[in-house]
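Residue numbers (numbering that gives the first Met the number 0), protein chains in the order written: chain A, 0 to 436; chain B, 0 to 436; chain C, 0 to 436; chain D, 0 to 436.
For the record, the hints were derived by calculation from the structure and aren't laboratory data. Just so you know, these numbers come straight off a predicted model, no measurement behind them. There may be inaccurate statements among the hints.
One copy or two, it doesn't matter: identical chains are merged, so the pair holds either way.
Lysine-lysine pairs mimicking DSS-like chemistry, simulated, CA-CA at most 30 Å apart [stated by the list, open to error]:
(1) Lys-136 / Lys-385
(2) Lys-384 / Lys-127
(3) Lys-121 / Lys-240
(4) Lys-19 / Lys-36
(5) Lys-327 / Lys-113
(6) Lys-136 / Lys-36
(7) Lys-291 / Lys-203
(8) Lys-291 / Lys-92
(9) Lys-136 / Lys-384
(10) Lys-221 / Lys-385
(11) Lys-291 / Lys-240
(12) Lys-113 / Lys-19
(13) Lys-113 / Lys-36
Here is how the chains run, residue by residue.
Protein chains: 4
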Amino acid sequence: MTIYFPSVENQVAYEGAQSKNPLAYKYYDADRVVGGKTMKEILRFSVCYWHTFKGTGIDPFGWGEYHRPWDRSQDPMQRAFHTLEAAFELFQKLGVPYYCFHDRDIAPEGATFKESCDNLEKVVARAKEMQTATGVKLLWGTANLFSNPRYTHGGASNPDAHIHAYGAAQVKHALDATYELGGENYVFWGGREGYDTWLNTNMKHEREQIARFFHMVIDYAKRIGFTGQFLIEPKPKEPTKHQYDFDSATVLDFLREFDLIDHFKLNIEANHATLAGHTFEHELTVCSDAGKLGSIDANRGDYLLGWDTDQFPNDLAEITRAMLVVLKQGGLGSGGLNFDAKVRRGSVDTEDILHAHIGGMDIFAHALLIAQQILDDGEWDAILKKRYASYQTGVGQEIMNGTATLESLEAWVLQQEEPVVTSGQQELIENLFNSYH
Amino acid sequence: MTIYFPSVENQVAYEGAQSKNPLAYKYYDADRVVGGKTMKEILRFSVCYWHTFKGTGIDPFGWGEYHRPWDRSQDPMQRAFHTLEAAFELFQKLGVPYYCFHDRDIAPEGATFKESCDNLEKVVARAKEMQTATGVKLLWGTANLFSNPRYTHGGASNPDAHIHAYGAAQVKHALDATYELGGENYVFWGGREGYDTWLNTNMKHEREQIARFFHMVIDYAKRIGFTGQFLIEPKPKEPTKHQYDFDSATVLDFLREFDLIDHFKLNIEANHATLAGHTFEHELTVCSDAGKLGSIDANRGDYLLGWDTDQFPNDLAEITRAMLVVLKQGGLGSGGLNFDAKVRRGSVDTEDILHAHIGGMDIFAHALLIAQQILDDGEWDAILKKRYASYQTGVGQEIMNGTATLESLEAWVLQQEEPVVTSGQQELIENLFNSYH
Amino acid sequence: MTIYFPSVENQVAYEGAQSKNPLAYKYYDADRVVGGKTMKEILRFSVCYWHTFKGTGIDPFGWGEYHRPWDRSQDPMQRAFHTLEAAFELFQKLGVPYYCFHDRDIAPEGATFKESCDNLEKVVARAKEMQTATGVKLLWGTANLFSNPRYTHGGASNPDAHIHAYGAAQVKHALDATYELGGENYVFWGGREGYDTWLNTNMKHEREQIARFFHMVIDYAKRIGFTGQFLIEPKPKEPTKHQYDFDSATVLDFLREFDLIDHFKLNIEANHATLAGHTFEHELTVCSDAGKLGSIDANRGDYLLGWDTDQFPNDLAEITRAMLVVLKQGGLGSGGLNFDAKVRRGSVDTEDILHAHIGGMDIFAHALLIAQQILDDGEWDAILKKRYASYQTGVGQEIMNGTATLESLEAWVLQQEEPVVTSGQQELIENLFNSYH
Amino acid sequence: MTIYFPSVENQVAYEGAQSKNPLAYKYYDADRVVGGKTMKEILRFSVCYWHTFKGTGIDPFGWGEYHRPWDRSQDPMQRAFHTLEAAFELFQKLGVPYYCFHDRDIAPEGATFKESCDNLEKVVARAKEMQTATGVKLLWGTANLFSNPRYTHGGASNPDAHIHAYGAAQVKHALDATYELGGENYVFWGGREGYDTWLNTNMKHEREQIARFFHMVIDYAKRIGFTGQFLIEPKPKEPTKHQYDFDSATVLDFLREFDLIDHFKLNIEANHATLAGHTFEHELTVCSDAGKLGSIDANRGDYLLGWDTDQFPNDLAEITRAMLVVLKQGGLGSGGLNFDAKVRRGSVDTEDILHAHIGGMDIFAHALLIAQQILDDGEWDAILKKRYASYQTGVGQEIMNGTATLESLEAWVLQQEEPVVTSGQQELIENLFNSYH
C-alpha cells in the first residue's frame with residue numbers, strides 16, 4: 000500500500016507551545032477539555048477534498064504544477080480511488096474527524112450524465128467502507144454546479160431551463176451520496192448563481208428560479224429521509240461579477256422572501272466575509288443572532304487583494320473573535336470548521352499540505368483557549384452588560400417591551416438634563432483582548 | 000430683497016444640446032413629453048438643503064471656507080431665514096419642483112430640546128408660506144441623529160436608553176414638521192446606527208432597539224394622520240465602521256424580520272451603492288424587484304476613493320441604466336430624484352452651485368431620453384425575453400409553477416442531449432447601449 | 000481554405016453613427032483625417048493574440064469552453080498554423096494594422112527548450128510571410144515568463160538562478176522573433192516578478208536580479224541591431240500578491256535607480272491602472288510628463304472587482320481623457336492601442352470576438368473625435384492656462400526659475416493681503432466635457 | 000498647577016505580562032536591553048500633538064465633542080500654554096522621550112501672517128523651557144499647509160503663486176521653530192499636494208513647483224545651519240483625490256527626478272501604506288532597501304475602510320514584521336516611532352488617551368522582543384539565505400556581477416536538465432512566525 004504522507008509516521012502529535020518540531024501540534028490537544036468539552040468536540044475540524052487533494056496550483060496566469068502521487072494513474076477512476084486512500088491517510092494522520100466534498104471532487108465526470116452518476120456511486124461505496132474503517136465522518140457534501148462550462152450562465156439561475164434541470168438532477172445525486180455517507184449537512188455555494196452583466200440579466204426571474212430549485216431539494220430530502228442541515232454559503236462575487244448570495248443578510252432576506260427560512264442555516268467563510276466588506280466576526284454574529292450560524296469555512300483572505308485567496312487561517316486575534324461567537328452560541332451543532340483553504344501555488348511539496356493544516360488547527364486551538372479564558376474571566380462580558388444596562392429598567396425597559404411611544408418618550412426627555420456621552424472604551428477593550436495569550 | 004444667485008436673472012432656460020451657455024439646460028426641457036409624461040413629472044428633481052445651503056467645504060483635513068451670502072448674520076435664526084430665501088430663489092431659478100431637509104438644516108439647534116423644537120416650528124411656518132407662494136413642495140423631511148455628539152454611539156441604536164428616547168422625541172418633531180409642510184415622504188438614514196468596533200457592541204440588542212423605534216414612529220404617524228411614504232436609505236459604513244443598513248438586501252431582511260416590511264420603501268443613493276460593492280443599477284433593481292424602490296438620492300461617488308464623495312452625477316451610461324429601472328417600474332411614485340450631492344471643496348463660488356445642479360439635471364434628462372428610446376426600440380427587451388424563453392413552456396414552465404421535482408427533472412434530462420451553452424452576448428449588448436446618444 | 004469569421008465577408012465597413020448594423024463601424028473611419036492625420040495613423044490599433052485566439056474562457060472556478068474552429072487539430076503545430084490563419088483573417092476583416100504576441104501564444108512549448116525554440120522559429124517564418132502578404136505588422140512581441148510552472152517564483156526575479164537563466168534564454172529567442180518580424184517594440188510584463196509573501200522574499204536581491212536581466216537584454220539588442228522600443232507594463236498585483244512594477248511611478252523609480260531610464264518607455268494598461276488605485280488618465284499623464292508614454296493596452300476593468308477583468312473598453316468619457324493625453328504628446332510614436340482584452344466567459348460564439356473589437360475600435364474613434372474637438376475649441380486649454388498664469392510673472396516666475404528663496408518669498412508675502420481662493424471650477428469643466436458628443 | 004491626567008500619579012509602570020492593571024505596561028520596560036540596546040533607545044516613541052491634544056472627535060458627519068480640560072480658556076494663547084502643560088505631563092507620565100507637532104497645533108493662527116509667526120515664537124520659547132526641564136525632545140516639526148482654506152488647492156503645488164509663496168514663508172518659520180527646539184528631523188506631508196480632478200490640473204507644472212519648493216527649503220536649512228533629517232511622508236489620497244506622494248516608490252522617483260534624493264528620507268505611516276495597496280512591511284522594506292527609511296508614523300488603518308482611520312497599532316504580527324525591518328537596518332537613526340493615531344470619536348474620556356498610548360507602546364515592545372528572538376534564533380534568516388544561495392556561485396554569480404550575457408546563459412541552459420521548482424514554504428514560515436510569543 001502506498002504511503003502518501005511519509006513524513007508523519009502515525010499521527011501528528013501534540014507537543015506543546017515550546018516544541019520546535021514543525022510537524023507537531025503546539026496547541027491542538029484533541030482530548031483537552033475546554034469549557035466542558037474536548038477540543039475535538041468543539042472544533043469539529045474537517046479537511047476539504049477539492050483544494051487539498053484536487054488542487055493543482057493553477058491560477059489565472061499559469062497552469063497547474065503539483066505532481067501529487069495520488070494523481071498519476073492514466074485512468075480517472077483509479078485516480079479517484081488513489082485520492083481516496085491519500086485522503087483518509089491524511090485525515091487519520093492529522094486526527095481530524097470530518098471531511099467535505101463536491102460530487103466532482105471525489106468522482107470524475109463521465110461522458111454522459113448517467114456515467115457521471117455511476118462514477119459517483121462507485122466512489123461513494125468505497126468511501127463508505129473507509130469511513131467505517133477509520134471512524135472519519137462526512138461533515139457535508141455538495142454538488143459542483145460551476146466548473147463545467149455548461150454552468151457558465153448559472154446552475155439554478157441559468158436562463159436556460161435545460162441547464163437548470165440538469166443541475167437539479169445533479170444535486171439529486173449529490174444529495175443521495177451525502178445521505179448514503181451519513182453527511183451531517185448539505186451545502187449550497189452558488190458560484191455561478193449571479194450575473195456577469197446587469198445588461199443581459201433578469202434578476203427577479205433568476206432569484207425565483209433559485210427559490211423553486213431549493214423548494215424541490217427540500218421536498219426531495221423529505222422524501223428520502225435526509226435529515227441533515229441544509230446550508231447556504233454566501234459570497235459576494237467571483238467568479239460572477241455579482242452573486243445573489245452576497246452576504247449573510249442578503250441570504251437571510253432571500254430565505255425569508257421565499258419561505259425557505261426554516262430549512263436553511265448558513266455556512267460562513269472568512270474570505271467571503273471580507274470580500275463582501277465585512278469582518279469575519281460580523282458575518283458570524285449576523286448569522287448567530289438570527290439563529291442561523293450552521294457551519295464555518297475556516298480560511299483567510301488577503302485584505303489587499305480583491306479575490307478569494309483561500310489561505311489557511313493564521314490570525315490569532317481574528318480567530319479568537321470567531322471562537323467567541325461560536326462559544327457564545329454553544330458550539331456549531333451539526334456544523335464544523337472546514338478548511339476551505341489551499342496551499343499557495345509555490346508550496347509545491349506534498350508535505351506543505353501538512354504544514355498548512357497543522358498551522359490552521361493550531362491557530363484555532365490557541366484561539367479557543369483564549370476565547371474560553373475571556374469568557375471565564377467575565378471582564379469583557381461585564382463591560383458589555385454595563386453598556387446596555389439602561390434598557391433593563393425605566394424608559395429603556397418600556398422601549399424594549401413596546402410600551403413606550405414617541406409622546407411618552409418626549410415627555411420623559413423634557414424632564415431630563417441633556418444626556419451625557421459615555422466612552423465606548425474601544426482602546427481599553429482592545430488592550431484587554433491583547434492581554435490574553 | 001437680497002439676490003443670492005445673480006448670474007441667473009429669472010430661470011435657467013432650455014437652449015438645446017448645441018448651446019454653449021454654461022447657465023442653460025442642454026437637455027432638461029421641463030415640459031417635453033417623454034413616454035407620455037413631461038420630464039418634470041418623471042424626474043421629480045429635488046434640491047437638498049444640507050449640502051447646497053449648509054455645506055461649508057469642510058473635510059477631515061481642513062475647515063470650511065465658503066462665504067455664503069445667506070450665512071452672514073450673527074443670529075442663527077436670521078441665518079436660517081436668509082437661507083430659506085436663498086433656497087427658494089434657487090429652487091425657482093432652477094425650476095425644480097421639490098426640496099428635502101433634515102430638521103437641523105433648516106433650523107438651528109437650541110440650548111435645550113425645547114428651544115430646538117421652537118426654532119424648528121418657526122422656520123417651518125415660514126417655509127410653508129414660501130411653499131405656497133412658489134408652488135415648490137417638500138419631497139421629504141428627516142431628523143439629523145448623527146451630527147450632534149450626543150449621537151456618537153447611535154440614535155435608535157444607542158446603548159444609552161436616554162439618547163434613544165431623545166432621538167425618538169426629535170423624530171416626533173421632524174415628522175410633525177414634514178406633515179405640516181405636506182412632505183410626500185419621510186426618510187431614515189442611520190448614519191450612526193452601526194458600530195465602531197464589534198468589541199463593544201451587542202448587535203442583536205441594537206437591531207431590536209431600532210425595530211422598536213420604527214414601530215413607535217409608524218404608530219405615531221397613524222395617530223397624526225401622516226400618510227407619506229417612509230423610506231430607509233442604506234449605506235454600508237461611514238461615519239461608523241459598519242452601519243446596520245448596509246445595502247438594500249440588508250434593509251429588506253431587517254424589515255421582514257421585524258414585521259416592518261409593509262411600512263417602508265427604500266431611498267437608494269448611488270454613492271452608497273458603490274461603497275457597498277454594488278452598482279447603482281443593482282441596488283435600484285433589488286428594490287424595484289421587491290416593489291420597494293421609493294426614491295433616489297442622485298449623486299455619484301468616486302470608484303477609487305473609499306468614502307462618500309457625494310459628487311453630482313455625470314456618468315451618462317450609469318444614469319441611463321438607472322432611468323431604465325425607474326421607467327420599467329412606471330416611475331418613482333411619491334419619490335423623486337434628490338441631489339444629495341455637494342460641490343467640491345475647491346468650488347468656492349456660489350455660482351458653482353448653479354453649474355452643479357444644471358449638470359446633474361441635464362445628465363438625467365439626457366439619460367431619460369436615451370432610456371425611453373431603448374424601451375421604445377424594443378431591441379434590448381427582445382434580447383432579454385428570448386434569453387429566458389425556455390421557462391415559458393415545458394420543463395421550464397413546470398419549474399416556475401412548482402410542479403417539477405428533482406425526480407421529474409432527472410427523468411427529463413436523461414432523455415436529452417447535453418445542453419448547449421448560448422452566448423450571453425455581453426459585448427453585443429454593450430455596443431447596442433453605446434449606439435444610443 | 001477555412002473561413003473562420005464568416006459573418007463578415009470582406010471587411011467591417013464604416014456606416015456612420017446612425018447605422019443599426021452590429022457588424023459595422025459607427026465611428027471608426029480609417030481614412031478620416033482628424034487633426035492632420037488619419038484615424039488609422041493616430042489610433043494604430045492592434046489585436047492581441049493571447050486573449051483573442053488562445054483564450055478559452057477559463058476562470059478560477061471553471062474550465063475553458065470555447066470551441067474555436069482553429070483549435071481543433073490534435074497536432075499542436077497544426078493548431079498554431081490554423082490559428083495564424085484565423086488571426087490574419089481577423090486582422091484584415093477588422094482592418095487593424097498591428098498585432099501583438101507572447102512567444103508561447105503563437106508557437107507551442109516543446110518537450111525541451113530546444114524544441115520550443117524550433118517551434119517558435121517555424122511559426123515566425125510563416126507569420127513573416129503572412130505579414131508580407133497582408134501588410135499587417137507586429138506592434139510588439141514578448142516572452143511568456145509566467146504561465147509555465149517553472150516560473151512560479153518569478154522569471155528574472157526567481158530565487159533560483161537556473162530559472163533566471165532559463166528566462167534569459169527564452170527572452171533571447173522572443174527578441175530574435177520580434178526582430179525577425181520587424182516588431183516596432185518589445186514589451187516586458189512581469190507577471191511573476193513580485194512576491195507571494197514578504198516572509199520568504201529578499202526584495203532587494205530580486206530587484207537587482209531584474210536590473211541585471213534588463214541590462215543583458217539591452218546589450219543583446221544592441222548586438223543584434225534591434226532598434227525597437229523596449230517597454231515595461233506596470234501592474235500592481237495578480238498573479239503575485241505584489242508585483243515590483245506596481246505602477247508607472249514605481250517603474251520609473253526602478254529605471255532611474257538602475258540606470259535603465261534611457262532604454263525604456265512604458266506600456267500603460269487601463270485595467271492595471273485602476274487596480275493600482277489610479278485612473279487610466281493619471282497613469283498616462285505620469286508617463287507622458289516624463290516623456291515615457293510608449294504604448295497602451297486598451298481595455299477596461301470593473302471598478303467593483305479586484306482582479307484584472309480585461310474587458311474591452313466602452314467608457315466614452317474615460318477614453319476621451321486618454322486620447323487627450325495621447326494627442327497632447329503628439330501621438331504614440333512607435334506604440335499603438337493594443338486590445339489586451341477578452342470576451343467574457345459567457346460570450347462563447349466566435350462572432351462575439353467581432354462585436355468586442357468593433358465596439359472597442361468605435362469607442363476610441365468616437366473619443367478621438369471628441370478629444371480633437373476639445374483641443375480645437377481651446378476652451379479647456381484656456382481654463383488651464385489661466386489657472387497657472389501667476390507663475391508666468393513676478394514671484395511666480397522667480398519660483399519657477401529658481402531665483403526665489405524662502406526669505407524673498409516671506410518678504411513679498413508680508414507686503415500682500417491674505418490670498419483669495421479661486422474656484423477650481425470642477426463642476427463647470429465636467430459640464431463642458433459632457434457637452435461634447 | 001492643574002493635573003490633567005490624574006489617574007496616573009507619577010509614571011505608568013512596567014508590571015509584566017500577567018498584570019491586570021490597565022494603566023501599567025505589560026511589555027514596555029524602558030531600560031530592558033534587547034539586542035544590545037534598551038527598549039527606550041530602540042523604540043524612540045513620540046507622542047503626536049495634533050490628534051492627542053488638539054483632536055476633537057470631529058468626523059465628516061458630526062462635530063467635535065471632547066471637552067479637554069486644557070482647552071477651556073477663552074483665549075487661544077492661554078489654551079496653547081495649557082495644552083503645552085498637559086502635553087509635557089503626558090510625555091512624562093508615559094515616559095516617552097519625544098514628541099512631534101505642526102506649527103498650527105502648538106500655536107494658534109493669528110489674524111495676519113505676522114501674528115501667526117509671533118504666536119508660534121512665543122509658544123516655542125515656552126516649549127524650549129519645558130524640554131529643558133523634562134528632558135523630553137522634539138522628534139520632528141512640520142508646517143500645516145492643509146487645514147486653512149487658503150491651501151484648498153495645494154501648498155507648494157497651488158496653481159496660485161501667491162499661496163505657494165505663503166506656504167514657503169510658513170515653512171520658513173516652522174523650520175526655524177524646529178531648529179530652535181533641537182528637532183532631530185523635519186517632515187513634509189503633502190496633504191493638499193495633489194489634485195481633486197485631473198480635469199483642472201497640470202500635473203507636470205505642479206510637480207515642478209513642489210521640486211522648486213523643496214530646493215528652497217534645503218538651501219535655507221543650510222543657511223541657518225539646520226542639520227536635522229528631512230523626511231517626506233507618502234500618502235495616496237485623502238483629502239485630495241490623488242496625492243503626488245502616493246507611496247514610497249513614487250516619492251523616491253520624484254526625489255531622483257528632481258535631484259533631491261540626497262536630501263530626504265521617508266517617514267512611513269502604516270495606515271498610508273495600506274491605503275496605497277501595500278502592507279506596512281512592504282513600504283518599510285522599499286525604503287530600507289533604498290537606504291531611505293527615516294522614521295515611522297506608528298498607527299493602523301482598518302482594511303475594510305477606505306479612509307485614514309489613524310487608529311493606535313494593535314496587531315502583534317504586523318508590528319513584529321515592521322520591527323524586523325527596523326532591527327535589520329540597525330534602528331531608525333534620528334527617526335522614531337511617532338503615534339500618529341487618535342482615540343476613537345466615542346472614546347470621550349481623557350483617560351482613553353492613556354489606554355491608547357499604553358496599548359500602542361506595549362504592542363511595539365512585545366513585537367520588539369519577538370523580532371529580536373526571530374533574529375537571534377536565525378531559523379528564518381537561514382531559510383532566506385538558502386533560498387537565494389544559487390546566486391552565490393556559478394551562473395548565479397555571473398548574473399549578479401554582470402558578466403553573464405543572454406548568449407552565455409542560453410548556452411548554459413542547453414546543458415542543464417529542466418529546472419525543478421522548489422517549494423516557497425509559505426505555510427511553514429507562517430507557522431514558524433506564529434510559534435513566537
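Hints and how they fare:
1. Lys-136 / Lys-385: For Lys-136 and Lys-385, the Cα distance exceeds 30 Å both inside one copy (43 Å) and across copies (41 Å).
2. Lys-384 / Lys-127: Neither way: Lys-384 and Lys-127 sit 48 Å apart in one copy and 47 Å across, limit 30 Å.
3. Lys-121 / Lys-240: neither (36 Å within a copy, 41 Å between copies)
4. Lys-19 / Lys-36: both (28 Å within a copy, 28 Å between copies)
5. Lys-327 / Lys-113: Neither: 46 Å inside a copy, 44 Å across copies.
6. Lys-136 / Lys-36: The answer is within: 19 Å in one copy meets 30 Å, while 55 Å across copies does not.
7. Lys-291 / Lys-203: both (25 Å within a copy, 13 Å between copies)
8. Lys-291 / Lys-92: neither (32 Å within a copy, 49 Å between copies)
9. Lys-136 / Lys-384: Neither way: Lys-136 and Lys-384 sit 40 Å apart in one copy and 43 Å across, limit 30 Å.
10. Lys-221 / Lys-385: Neither, since 46 Å and 35 Å both go past 30 Å.
11. Lys-291 / Lys-240: Answer is both: 26 Å inside a copy and 24 Å across each meet the 30 Å cutoff.
12. Lys-113 / Lys-19: neither (52 Å within a copy, 46 Å between copies)
13. Lys-113 / Lys-36: neither (45 Å within a copy, 57 Å between copies)
Against the hints set out earlier in the document, violations occur for numbers 1, 2, 3, 5, 8, 9, 10, 12 and 13.
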